[in-house]
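Participant: Counting from 1, position 43 in the sequence shown corresponds to residue 43 in full-length UniProt numbering; the numbering is continuous, with no gaps.
Note that these hints are calculated values from the structure, not bench results. Take these hints with a grain of salt, some might be off.
Unchecked claim - Think about it this way: if two alpha-carbon atoms lie no more than 25 Å apart in a straight line, the pair counts; the simulated PhoX-like pairs of lysine-lysine are:
| hint | residue 1 | residue 2 |
| --- | --- | --- |
| 1 | 404 | 361 |
| 2 | 134 | 344 |
| 3 | 6 | 44 |
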Amino acid sequence: MSNKRKYSGFSIEDLLHDQEFVREALKPGKISWNRFLDNHPEEKDKMIQAKRIIDVFEVPSVPLDQNKKAHAWSNIKNYHTANKAPRKIFRFRAVDAAVISLLVVAGSWYWNYSRQSEWFFESNNSSGKPEVLKSTLILSNGNEIALNEAKSALTVLESKQAIQINHDSIVATKPETEKASPKEELNKIIVPYGEESSLLLADGTKVWLNAGSQLAFPIQFSEKTRQVYLEGEAYFEVAKNSDKPFIVSTHNIDVKVYGTRFNISAYRNDDYTETVLLEGKISLIKNKSLLGRETYMTPGQKAVYNNAGKDITLEKTNRPELYTSWREGWYEFSDVDLTYVTHKLERFYNVKFEYNTELVKNSYRLSGKLELKESLENVLSILAKVTNTEYRVEADKIIVSEAKEEE
Numbered sequence: 001m002s003n004k005r006k007y008s009g010f011s012i013e014d015l016l017h018d019q020e021f022v023r024e025a026l027k028p029g030k031i032s033w034n035r036f037l038d039n040h041p042e043e044k045d046k047m048i049q050a051k052r053i054i055d056v057f058e059v060p061s062v063p064l065d066q067n068k069k070a071h072a073w074s075n076i077k078n079y080h081t082a083n084k085a086p087r088k089i090f091r092f093r094a095v096d097a098a099v100i101s102l103l104v105v106a107g108s109w110y111w112n113y114s115r116q117s118e119w120f121f122e123s124n125n126s127s128g129k130p131e132v133l134k135s136t137l138i139l140s141n142g143n144e145i146a147l148n149e150a151k152s153a154l155t156v157l158e159s160k161q162a163i164q165i166n167h168d169s170i171v172a173t174k175p176e177t178e179k180a181s182p183k184e185e186l187n188k189i190i191v192p193y194g195e196e197s198s199l200l201l202a203d204g205t206k207v208w209l210n211a212g213s214q215l216a217f218p219i220q221f222s223e224k225t226r227q228v229y230l231e232g233e234a235y236f237e238v239a240k241n242s243d244k245p246f247i248v249s250t251h252n253i254d255v256k257v258y259g260t261r262f263n264i265s266a267y268r269n270d271d272y273t274e275t276v277l278l279e280g281k282i283s284l285i286k287n288k289s290l291l292g293r294e295t296y297m298t299p300g301q302k303a304v305y306n307n308a309g310k311d312i313t314l315e316k317t318n319r320p321e322l323y324t325s326w327r328e329g330w331y332e333f334s335d336v337d338l339t340y341v342t343h344k345l346e347r348f349y350n351v352k353f354e355y356n357t358e359l360v361k362n363s364y365r366l367s368g369k370l371e372l373k374e375s376l377e378n379v380l381s382i383l384a385k386v387t388n389t390e391y392r393v394e395a396d397k398i399i400v401s402e403a404k405e406e407e
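With the hints as constraints, model all of the structure from the sequences given.
Facilitator: Set out below in structure tokens:
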């Protein structure tokens, strides 16, 4: 679909749900906005109305009182009356109450989300690869602690306002300043390629972090929600609490949980975010939409968020445990291409694969199991046998090529 046709048939509510449109509407200055409108002449009027609604909530942390909300909505409707035919006015009024009531909630949520998420995702390396050589814990007071184990384990001690490292040392996390910002309330663990980590959070939720991942988490969850922020891959066993949903925020979707087991892969440099549900019930929300529609999942389903199309698709998977096998020290896969396997190995062994031809890259489909406790040399030897390929090391890369026929 061409960019000019993307919004064909969109309602005002559809526009408010669309992350790309909201981002465009929030850009400063009129030149970019006017150019955007010129590219969508048939949807121009609805886009202007949607932007006016978004502008009501443009200033974060300042809630509108009832008089200001009524005045803002009056301005929107007055503009609409002056620029619309009567038939379309009727359609707009039919959703007035629903839209404004939803926006009162959504606007507040959107800015609260932005304040805590921006520092996490924007401070991370845009390449998606953690810039540390060893797993590192960054405390809410700014102190950094290198974790010396390739498989570290952290336990949040809420009563002590501290974190226990590897069942041994205990470090305090209380901010050094009296007034803590949202950024200072969160701790962050960074796991580089080639390492793993696990956490026990304050509510009893267990988290396993795969190589090349980062997680931000508080010592004490808020009264209404339990929210953490993830970049990379993690497996969660969430403690049940129907009154306080557990939310995992990634750079493109939020996963809302009430007590369940699931795996989520949300690496920044992947083209997709993948969620697999093993037990319980969760929902997915595009996390920068003002009015987040929830996509619900049931056990045995896989949800894929496509970064380009910005859509979520659901499919049944007969063996969801395939997607969590990394936690046990092995990768099991079924009918995947060779690049899928080597992409996983890149993170676990902290290496880079390159293919000398597209033919080699796209020629092999694999099913099987790789023991990640083996050395990289042994793993490559196994792959070479089952795919008729060979591997050679050049500088910091592993070159994959078709095996030469023996003379």
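Participant: Confirm or reject each hint.
Facilitator: Going through the hints against the structure:
1. For the hint linking residue 404 to residue 361, the alpha-carbon distance of about 16 Å falls within 25 Å, and the restraint holds.
2. Distance check on the hinted pair: residue 134 and residue 344 sit about 19 Å apart at the alpha-carbon level, within 25 Å; holds.
3. Between residue 6 and residue 44 the CA atoms are separated by roughly 13 Å; this keeps the pair inside 25 Å, and the hint holds.
Violated hints: none; the structure is consistent with every hint.
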